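Residue-level listing of the chains:
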Amino acid sequence: MRYRINYRKIASAIYISHLDIQRAFQRAFHRAKLPLEYTMGYNPHEKMSYSPPLPLFVSSDDEYLDLDLAGDEPAKEIYDRLSPQMPKGLILNGVTKLLPTEKPLSKTFKWADYEFTLEVDDPAGAALETKGYYEDPEKPLATTKRTKTNKEALVDIRPLTCEFDARESDGRLIISSFLNMSNESLLNPLTFLKALQENIPALKESETVKIHKIKAYR
Amino acid sequence: MGDTYRIKDILKNVMKPSRYTGGEFNEETMKEGDVINYALAFPDTYEVGMSHLGMKILYHLLNGMPNVNCERAFAPQDDMAEELRKHNMPLFSLETYKSLKDFDFIGFSLQYEMCMTTVLHMLSLSNIPFYREDRGIDDPILMAGGSVTVNPLPYNKIFDMFIIGEAEEVLPELMDLYDSNRNKEAFLKTAAQVEGVYIPSVHGEEARVRRLYVKDMDKAFFPDKFIVPFTEAIFDRAAVEVMRGCPRGCRFCQAGMIYRPVRQKNVSTLYDQAEKLIASTGYNEISLSSLSTTDYMGCEKLVNDLYDRFASEKTTVNLPSLRIDAFSMKLAKKLQTTRTIALTFAPEAGSQRMRDVINKNITEDEIMATLSEAFASGYNKIKLYFMIGLPYETDEDVLDISRLLKKIYYSYKTAAPNGKPLALSASVACFVPKPHTPFEFFPQDSAEEFKRKIRLLLDSVPKKIKLSYHEPDLSIIEGAFARGDERLNDVIVSAYNKGCIFDSWTDHFDAGKWGEAFADCGLSVSEFAERRFGYDERLPWDIIDIGVSRAFLVKEAEKAGRAETTPNCFEKCSACGISEKDGKCRFEIQD
Ligand code: SF4
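So the sequences go chain by chain: A and U.
Going by our numbering, the first sequence opens with residue 204, and the numbers climb by one from there.
Going by our numbering, the second sequence opens with residue 51, and the numbers climb by one from there.
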């Protein structure tokens, strides 16, 4: 049976790399004594898959992983066993059983709702300028990113974003936006932020305080 | 709590930041209230320190006390150290991000001589003065433990106190003692009366401090959980300690002398401990740790029991130290389902005469028989460990290492079951005469002599055999510290001030700076490393009573000269002095 695990990655867990998260989950599964299913071959490993990796220093309330287990136990049972075995900062939201027709995680989500907290000299002014800049399609919003083959490529972030907003809160600048999360045109939140900071004058000197993913949408 | 906002800031600029944040599974929860704050410090990286079994034992032991919080601290990598300096932040503990300076105690684990500049690095990052005389009543008490402290003099102007032997025997008592008045000076005075504790400011030159050791390993504290690091440590596995000490008595080996007598755990104790650790960590590997695990009397039963219990869960059992004998091969074959991992053995010397000199009780026939068995079972990766510069060694003995390697290499051609080539590698160490061993009296070879002998090997070992060797310039400084005295305190400080740090890593080690540091103090490496001591001379480390008698060490040194061997403790007691004080050694165990 395939289960989908929904979890948060917060507090000091933002310093854990994607690879280390995978290992942390494997250890937690062992501690929870889940009936794991293994791949065949020389180096058997657990059958599991993840939603796109979150960059270091980014927190999230809505991360996913799929796991195959032998047998068919209620999702609640899996949740109850796994929950106390999770390390600090990796917190389970819930576990659900997946229908065989369910698409794999890499094809499930289209958009991710992100919130960026920045430190700037004049947050209210910067919020206005940022919003105005974004909404003016004439203004460039592109930056370079490294591709999988380690080449530089230019990305225009405007078509990969929606629901953009900027505001002041508690003396800081808050930018929120949906970022494309589909496999082919995934937008990394660090690339998004880099594009804003490189292009919008008011953000040139800004310091990033926090990057947080609120929710993933289908 | 420290300044977490600034800590967050600097963590963005370092590699693998989760090494500095704590919060791993099984990290202990710190108690509220006015408890003793103890920092357990390891002068190496997180990955190395978190793999050390002694650290795990002490961490959970101390945190189990109602009046102590024990936190961890490691040496930051260069990028992190730079960030700390740039932001003017002190080195902090992993549990509560507290500056080391704010602890009551900092207990350093000294596992090898060349870690000392890293100790100073950690002190410097914490704004703690290096010399104990320069520290005040409000500074933490600096403790040192670990095998380096069997000769504490080279470090006795730096640390306030040394624990000689196995610290779990005395740390709880010392904590309670400190709790009774919480005054550094008064504590040091009274702690000097406690067995196994050496306090330089109280004990004179003529002190004689007895080593402490756990008498009953089955009753000794052993944690039922380990912290599970997020990043990969050197060893990510559940290690159970099957025994302490080694019955063999190799004459070069310090561990074989300073952990006497052999103390084994019962099979059932180990089975329970392994089971608890696997359940609490989620690891999928159990390591049976000790100096010589196949000598453990319950080895076969334990291996079989654990194998039967865990094989279905894909949890493997592993033996870290194999002897070159049929029994070890049998176990290795059972445990290793794939043959891709290299088998490692330590013949230590190439000639039979030399192996008899060092009392490595193994013959060339046994070596060849074991290896041909390994080849026949499909192993084609073999790594062998040797040593050069041993007492009574001739060039013939050195060249015998190449002879043996060639013999092994060509024997594979006839024995190999498949056409795969043999990956044979040999690692050659430069011998360091260590205190409290029969070879403590002997001078170390000079760096030039080591280099000449390495040349002999490089010129005679065929290129198909991969030969690596330890850096002679590093080994002689190790030798100087192992055999040195209080004059070396200043050399460490001088070397650190010249930029020496992480010296055990060859990419950081700088022989030139160390040479200058000795010269600046009016000293030379050779006067320590190459010094010959008389059998009745007073040695710098005579302030430590390790339990083995001088008479035994002298007798063993003389037998070495005649290439005579000594039986191991399990076969026959050689009256090394241990039983005189603590009663006859008994080695039987229960299932
Ligand atoms: S007293 Fe005998 S048996 Fe005990 S450690 Fe010494 S030599 Fe071995």
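To be clear, the hints were calculated from the coordinates, so they are not data collected in a lab.
It should be emphasised that the depicted structure is a prediction, and the values quoted were computed from it without experimental measurement.
Backbone N, C-alpha and C fix where the C-beta goes; we use that ideal spot for every residue, glycine too.
Keep in mind that the hints are not guaranteed to be accurate.
Calculated pairs, EDC-like style, for lysine to aspartate or glutamate (alpha carbon to alpha carbon, straight line, at most 16 Å) [claimed, not checked]:
1. U:269 to U:322
2. U:634 to U:322
3. U:58 to A:322
4. U:58 to A:387
5. A:291 to U:325
6. U:62 to A:410
7. U:364 to A:249
8. A:250 to U:363
9. A:351 to A:410
10. A:291 to U:59
11. A:236 to U:77
12. U:66 to A:387
13. A:413 to U:363
14. U:364 to A:359
15. A:236 to U:363
16. U:463 to U:523
Over the 10 Å line for every Cβ pair with chain A, so calculated as not near, a few chain U residues [what the hints assert, rightly or not]:
17. 67
18. 70
19. 72
20. 75
21. 77
22. 330
23. 377
24. 563
25. 608
26. 613
Derived, one-sided and incomplete: chain U residues facing chain A with beta-carbon distance under 10 Å [stated by the list, open to error]:
27. 61
28. 62
29. 68
30. 74
31. 274
32. 278
33. 280
34. 334
35. 364
Hints, verified against the model:
1. U:269 to U:322: The hint holds at about 13 Å.
2. U:634 to U:322: Distance ~29 Å between residue 634 (chain U) and residue 322 (chain U) Cα, so the pair is violated.
3. U:58 to A:322: At roughly 14 Å apart (the allowed maximum being 16 Å), residue 322 (chain A) and residue 58 (chain U) satisfy the hint.
4. U:58 to A:387: Since the Cα atoms of residue 58 (chain U) and residue 387 (chain A) sit roughly 32 Å apart, the hinted pair is violated (cutoff 16 Å).
5. A:291 to U:325: Violated - the C-alpha atoms of residue 325 (chain U) and residue 291 (chain A) are around 24 Å apart, more than 16 Å.
6. U:62 to A:410: holds, 12 Å
7. U:364 to A:249: holds, 10 Å
8. A:250 to U:363: Cα-Cα ~15 Å, so holds.
9. A:351 to A:410: Violated - the C-alpha atoms of residue 410 (chain A) and residue 351 (chain A) are around 27 Å apart, more than 16 Å.
10. A:291 to U:59: violated, 20 Å
11. A:236 to U:77: Violated - the C-alpha atoms of residue 77 (chain U) and residue 236 (chain A) are around 20 Å apart, more than 16 Å.
12. U:66 to A:387: violated, 28 Å
13. A:413 to U:363: Roughly 41 Å separates the two Cα atoms, so the pair is violated.
14. U:364 to A:359: violated, 47 Å
15. A:236 to U:363: holds, 10 Å
16. U:463 to U:523: Not satisfied, since the Cα-Cα distance of roughly 37 Å exceeds 16 Å.
17. 67: At about 4 Å from chain A, residue 67 (chain U) fails to clear the 10 Å cut-off, so the statement is violated.
18. 70: violated, 8 Å
19. 72: Given a closest Cβ separation of 7 Å, the condition is violated.
20. 75: violated, 4 Å
21. 77: violated, 8 Å
22. 330: violated, 7 Å
23. 377: Since the minimum Cβ distance to chain A is about 27 Å, residue 377 (chain U) lies beyond 10 Å and the statement holds.
24. 563: holds, 34 Å
25. 608: holds, 53 Å
26. 613: holds, 46 Å
27. 61: Residue 61 (chain U) check passes; min Cβ-Cβ to chain A is 6 Å, inside 10 Å.
28. 62: holds, 6 Å
29. 68: At 4 Å from the nearest chain A Cβ, residue 68 (chain U) passes the 10 Å test, so the hint holds.
30. 74: Check passed: Cβ of residue 74 (chain U) comes within 6 Å of chain A, closer than 10 Å.
31. 274: violated, 13 Å
32. 278: holds, 6 Å
33. 280: holds, 4 Å
34. 334: holds, 7 Å
35. 364: Because about 6 Å separates residue 364 (chain U) from the closest Cβ in chain A, which is inside the 10 Å limit, the hint holds.
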